[in-house]
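Given next are the chains, with one letter for each unit.
Protein chains: 4
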Amino acid sequence: MKVGIIGATGYGGLELIRLLHNHPEIERLDLFTSSDEGSVFSNKYTHLLNIHDEPLLKIEHDRLTDYDVLFTSTPSGVSTELLPPLIGKGPKLIDLSGDFRLKDAVEYEQWYKKTPAPAEAIEKSEYGLTEWNENAIVQAPLIANPGCYPTAVLLSLLPLIKENLIDATQLVIDAKSGISGAGNKPNQMTNYSETNENTAIYKLHQHQHIPEIEQAIQTFANQTSPITFTTHLVPMTRGILATSYAPVNEGVTEKQLTNVLQEAYANHPFVRIIKDTNKFGTNQVYGSNFCDIHVKVDLRTNRATIVSVIDNLVKGAAGQAIQNMNVQFNLDQTTGLKHVPLFI
Amino acid sequence: MKVGIIGATGYGGLELIRLLHNHPEIERLDLFTSSDEGSVFSNKYTHLLNIHDEPLLKIEHDRLTDYDVLFTSTPSGVSTELLPPLIGKGPKLIDLSGDFRLKDAVEYEQWYKKTPAPAEAIEKSEYGLTEWNENAIVQAPLIANPGCYPTAVLLSLLPLIKENLIDATQLVIDAKSGISGAGNKPNQMTNYSETNENTAIYKLHQHQHIPEIEQAIQTFANQTSPITFTTHLVPMTRGILATSYAPVNEGVTEKQLTNVLQEAYANHPFVRIIKDTNKFGTNQVYGSNFCDIHVKVDLRTNRATIVSVIDNLVKGAAGQAIQNMNVQFNLDQTTGLKHVPLFI
Amino acid sequence: MKVGIIGATGYGGLELIRLLHNHPEIERLDLFTSSDEGSVFSNKYTHLLNIHDEPLLKIEHDRLTDYDVLFTSTPSGVSTELLPPLIGKGPKLIDLSGDFRLKDAVEYEQWYKKTPAPAEAIEKSEYGLTEWNENAIVQAPLIANPGCYPTAVLLSLLPLIKENLIDATQLVIDAKSGISGAGNKPNQMTNYSETNENTAIYKLHQHQHIPEIEQAIQTFANQTSPITFTTHLVPMTRGILATSYAPVNEGVTEKQLTNVLQEAYANHPFVRIIKDTNKFGTNQVYGSNFCDIHVKVDLRTNRATIVSVIDNLVKGAAGQAIQNMNVQFNLDQTTGLKHVPLFI
Amino acid sequence: MKVGIIGATGYGGLELIRLLHNHPEIERLDLFTSSDEGSVFSNKYTHLLNIHDEPLLKIEHDRLTDYDVLFTSTPSGVSTELLPPLIGKGPKLIDLSGDFRLKDAVEYEQWYKKTPAPAEAIEKSEYGLTEWNENAIVQAPLIANPGCYPTAVLLSLLPLIKENLIDATQLVIDAKSGISGAGNKPNQMTNYSETNENTAIYKLHQHQHIPEIEQAIQTFANQTSPITFTTHLVPMTRGILATSYAPVNEGVTEKQLTNVLQEAYANHPFVRIIKDTNKFGTNQVYGSNFCDIHVKVDLRTNRATIVSVIDNLVKGAAGQAIQNMNVQFNLDQTTGLKHVPLFI
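First to last, the sequence lines map onto chains R, A, H and B.
For the first sequence, the positions run 0 to 343 when numbering that gives the first Met the number 0 is used.
For the second sequence, the positions run 0 to 343 when numbering that gives the first Met the number 0 is used.
For the third sequence, the positions run 0 to 343 when numbering that gives the first Met the number 0 is used.
For the fourth sequence, the positions run 0 to 343 when numbering that gives the first Met the number 0 is used.
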């Protein structure tokens, strides 16, 4: 397979390079740039010396159609213009930005403050939450790869909402993320000295992943109600831990919740249900494509606490994108993604 | 004033030393130990060289009665036995452990798995949440200094619950803490390599601060209902950020919530209400006795998100203990506690 | 005393604010800006709410002469132009930038790549390494406050070189710094995700503190030879640890080295000599104005290892600047600087 | 191949598991324990769920001889007794502890304070610095896998000393390590709150890796002189950066140093020479088996600064051990070790 990455210098792009270089079915991997054409990538990113020493290529329509797969890992608004002309022209398109995730153009404009992608392109795209949309993904010319927060949240909640075990109308989701989610562009928020030794809440009630989560709950679990969703930055590079709270429905037990989760993912190797645990954290999945889930019911309040962890750059971005590529090319989903978590 | 600290080597004890050494009314500060009698404290804790070079003293009843104030910063169960005989014998007693916080002995046993303190001692003690209990504190021979999590949570919620602005029956509290809250005794959970680059949930639904928070809500805001409260460890040393969620009651606006908080703490210099903010975190209060609070209503869900931050070792432990001492001795509450947050 | 800070939003400036707000002799503290005139400082830096709520003032020559002391904490090249017209016009000037540190204009240009300050201004300025230049500091209208690295290095080495105990011609100095030394302006080097979990060497053999250290060795210890000095970034916010290596001269013992250091600083409360220690680090001095020093001779190689630690923002910047102000106004050097190290 | 790991719960052991589970030639991987026989490993280390769910096996001589390779990752003194009876009994033995590294038993006792291994066993063992000892490794029944610090130091210095380009009699080596090098046993030194935001020097002039480095310089570069070597802990989990200083010999240029390093490792895929770089750090190699080296001559002092970085758990432990296994079984050295560095 011939694969191209557009937006290689972002953290999503760098992670795609890391994972694709060990993917056994990739015979050629090219990096595209809008600005640094011709420069040797490993001169700047010296950790890739002897791994990727090829020069960056210019983004040109004719050249791009020559690939089997194109990944775009670009800031909001870039894919909107770049990808529509490439639909159906040859390469499978897998977009890691948020440009094609929301079906409702008005909602996109409202949350992203950008011009939405053309309606026909949106229609042809499919949401790439692999475990929940495999049949659609296999056909689609364009995959809207899910956001990092939605991936962690949806995988843990969809089975419980779909089976009507928890009250989705009273859902509260408190998410904590490492800093790499903010991208590689330096700004005050990600400046080391103001981020280290600091746990902070940001974009309160305004994160663009809110409509994405709500849309997916409607699509895959058929329930509609607004959610309370907050995002926090914690002083670490990788990892998301999402803690979700909802009343359990009448008569539902912790055992049932655990069982439904286990059944839902019995044939999905990247989702693991962790049962007895005193401390459950993001290092469980560090560097891997796993999403681990733990659930517990508080009998005093009759509320379930559902906790899920992912590596935001892997299952929350580049890993899931490759998992989707595997699905599209009828490869085993775990091809090139069998990384054991680093843990320490 | 002559002041003694029992349990000087714990992190609460070390922070008491840090703060008390610059307290203008302290003329003598002695450290007591159960094991290392006679050893010079600054030989082991060399950061205190030329600051506290006196030898550790043995814990002896007769010697202890000679102080104006005794702080105990000891593991659960120690104060239970040590303090009751000292009540009314001279020194004001300020206990930083959890031994005297719960009025209900059965509840104490259930959550702490230890023998409760004698009922008469419990009765004579007062809960040291300074801003809410000043009149009682000024008289009491024994102060049960609040836990770190309860301090952050209660200061932000009590005014809103008391004024009936939010629905306390549906309260969800998601708390994140730095690692110093786990104390100075090495264990697997606080071992650097398993804590760094890891955000984790622990003691799910079982943290002993749950009954403490519920009791204080009943005492100070007159509402009784169990809460959902979870605790997370984030990779930093100091700081707690508590994110609390509750539906706002009919007709209540964000402005009202903010106003009620501002009025509640208008005369309390350590509690600050932060209004417009994009990123709000624990570095706001690092090293200081402040508790900063931010509140926002999500109109989509009609739910308020209330966020509060403290330095767990200062307002969450040693700082509030000294604030209580100041109250008892009719000093300005900020005496010795005017530290500007480090921020970076 | 009336004090002004120019460059308040840099990390040096923020630390000056933190320390000066608790300085007992300051009756007025004003902040000056080149860009944000009129804006309320605590609106942006909310950790200063209720502490510094005054609006930023415009930098105007006539207004500036009205202060007793002016601190400049500005990027290289700003003081060069701003301060010369203010010399002798009233305020004592204490410059935290590198603009007045090097007496040799050619050297300044070579290392800083900027136009040097006027020669007369350089002549009137004195190097503010307090412990070594007190008599000059007390008179000088303009203090060139030392760099962070030079402070850590010089305090530990000057007594040993001056007494001819180590061979300064073979000096190797390996310095490690927290990230706050790089300032508050976001850039790739200080972006959290590339700095966290990364220890790196930078500016190899090219750091502008090299000529500053060499000049001070010549001035205060009368020896001239180039040094090998390297700088590393370690993933923490505050702190510098400098490890210096030099052969001990014939017959010199470890005990002598320790004694000479102890005698040199017997009357200098901010420099502490730490003797027996298994682990010696920057948390010793965190948040304080101390410089702690430890020395050990390796009998196998006849070489001394001299280790010193400071908080780069305190003794390495704002703290020493205030210490110099205290000297100039005949206050006790420790006035407003009695902070106990945080340690944890 | 059938592979066993003794000491699976240490950080070296966990890293062996991580790497071996993706090694294409391993058909069976068993974990041995001295204490927890029968317990399921992934119950405690839940990050290994669905990866290694087999129960721990008891360490029994007869059972152990059944493997092709045995890795021991145990505290000092354990291999000393465990391995000698297994020599020549079937499995290749690869010891990650320091028990067989020093050829001189007196030296071992002096630095390790333990009884040395039997002389015949020491004789039969070979030092596993792969790039420098391949021929011996391929034959040896027992490999003494190098320490983490020696690996970083030796790979960068041996070519330069061997070719007589730098003056090895004046070598100063300043090494910085992440905390995982201290192992998984909780102690005060690795307790998060005292390690975070702290760069510290420890075991000054007394680290047991000193004689190991000196012995290897003698063996592979034929020079004998004691070195100055210091070790620092920096607040990160993984990574070692070693900064070495030595005068360059008469007429030697930076270009020569770089060329000699490049030639020395031209056929060694895990050692990379990084030329132009402004910032060079441990994140270059994070999670990978690379050792990256950068060298620069300071013309002002005629001294070379040689910098090398490794991931202490990979090239400094488990990765190099597997590289040695590959050599012994005539596999390509990179088999199972092609990880791209995580970088962020």
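If you're looking for bench data, these hints aren't it; they were derived computationally from the structure.
There may be inaccurate statements among the hints.
Copies of one chain are not kept apart here, so a pair can be met inside one copy or by any two copies together.
What the hints assert, rightly or not - Straight-line Cα separation of at most 20 Å, PhoX-like style, residue types lysine-lysine; simulated pairs:
id	residue 1	residue 2
1	Lys43	Lys278
2	Lys123	Lys112
3	Lys102	Lys337
4	Lys184	Lys123
5	Lys254	Lys202
6	Lys184	Lys278
7	Lys1	Lys123
8	Lys1	Lys88
9	Lys161	Lys88
10	Lys112	Lys161
11	Lys57	Lys1
12	Lys278	Lys202
13	Lys43	Lys274
14	Lys202	Lys274
15	Lys254	Lys274
16	Lys202	Lys43
All of these numbers come straight from a predicted model, not from anything done at the bench.
Quick one: lysine 202 to lysine 274, C-alpha cut-off 20 Å, is that within a copy, between copies, both, or neither? Intra 33 Å, inter 14 Å, cutoff 20 Å: inter-copy only.
Intra- versus inter-subunit Cα pairing at 20 Å for lysine 184 with lysine 123: neither (31 Å within a copy, 43 Å between copies)
Can you give me the call for lysine 254 and lysine 274, within, between, both or neither, at a CA distance of at most 20 Å? Answer is within: at 10 Å inside a copy they meet the 20 Å cutoff, but 43 Å across does not.
Homo-oligomer pair classification [lysine 202, lysine 278; C-alpha up to 20 Å]: between (28 Å within a copy, 7 Å between copies)
Please sort lysine 184 with lysine 278 into within, between, both or neither, judging by C-alpha distance up to 20 Å. between (33 Å within a copy, 17 Å between copies)
Intra- versus inter-copy proximity for lysine 112 and lysine 123 (alpha-carbon distance at most 20 Å): neither (22 Å within a copy, 56 Å between copies)
20 Å Cα cut-off: does lysine 202 pair with lysine 43 within a copy, between copies, both or neither? Classified as between; 16 Å across copies, 32 Å inside a copy.
Lysine 1 and lysine 123: within-copy, between-copy, both or neither at 20 Å Cα: Classified as neither: same-chain Cα gap 23 Å, cross-chain 50 Å, threshold 20 Å.
Using 20 Å as the alpha carbon limit, work out where lysine 57 and lysine 1 are close: within a copy, between copies, both or neither. within (16 Å within a copy, 48 Å between copies)
Copy assignment of lysine 1 with lysine 88, given that the CA separation must stay at most 20 Å: within (15 Å within a copy, 49 Å between copies)
Please sort lysine 102 with lysine 337 into within, between, both or neither, judging by C-alpha distance up to 20 Å. Neither: 32 Å inside a chain and 40 Å across chains, both beyond 20 Å.
Status of lysine 88 relative to lysine 161 across identical chains (alpha carbons, at most 20 Å): Neither, since 37 Å and 58 Å both go past 20 Å.
In summary, the structure is inconsistent with hints 2, 3, 4, 7, 9, 10 from the numbered list given earlier, while agreeing with the others.
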